[in-house]
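Trainee: Residue numbers (the working numbering), protein chains in the order written: chain A, 50 to 139; chain B, 4 to 27.
It cannot be assumed that every hint is accurate.
As the list claims (entries may be wrong) - Far from chain B, some chain A residues (derived; all Cβ distances over 12 Å):
#1 P58
#2 D84
#3 A108
#4 Q117
Said to hold, decoys possible - Mimicking EDC-like on lysine to aspartate or glutamate, the simulated pairs with C-alpha atoms at most 20 Å apart in a straight line are:
#5 B:K8 - A:D116
#6 B:K8 - A:D131
#7 B:K8 - A:E97
#8 B:K8 - A:D84
#9 B:K8 - A:E78
Hints in this document: simulated from the structure, not taken from any laboratory.
Here the structure is a predicted model, which is why all the values come from computation and not from measurement.
The beta carbon of each residue, even a glycine, is placed where N, CA and C say it ideally should be.
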Amino acid sequence: MEDFIPVIPRGVRLHFDRVRDLWVLLAPERTINLDPVGLAILNEVDGERSVSQIAGDLAARYDAPVDQITTDMREFLAGLMDRRIMETRP
Amino acid sequence: MAWTKPIIREIECGMEINDGGVLF
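Bound-form chain A, shown alone (with noise of 0.2 Å):
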């Protein structure tokens, strides 16, 4: 399957609710709620570093297995590209 970089797009970007004591990723019109996972990997987004790239750190934090986390991984991000708060470049 092929790599590629996420980048989270201009005007979106993570915020802490204190409010209700949680990260989410908020964008114009659209507010998601973020699980502990789900900040981690946002957290890794830096638009240099490819999912495979994320997906061996985030392996290795987690002792988890890398096919597990980039499966894992693509859904998300893929979930986030459909909501257009996501992009990529090859």
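Please arrange chain B on chain A, whose structure you already have, making use of the hints.
Mentor: Frame of chain A; chain B shown alone:
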């Protein structure tokens, strides 16, 4: 912390209010 499949939970009609929170 264990790896769990990340879930996207979208909040409908979120509006940021005044860096303090999200109002619904």
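Trainee: For each hint, tell me whether it holds in the structure or not.
Mentor: Hints versus structure:
1. P58: holds, 16 Å
2. D84: violated, 6 Å
3. A108: violated, 8 Å
4. Q117: Check fails; 7 Å does not lie beyond 12 Å.
5. B:K8 - A:D116: holds, 12 Å
6. B:K8 - A:D131: Status holds; Cα separation ~18 Å.
7. B:K8 - A:E97: Status violated; Cα separation ~24 Å.
8. B:K8 - A:D84: Holds, at about 9 Å.
9. B:K8 - A:E78: violated, 25 Å
Violated hints, in rising order: 2, 3, 4, 7, 9; the structure is consistent with all others.
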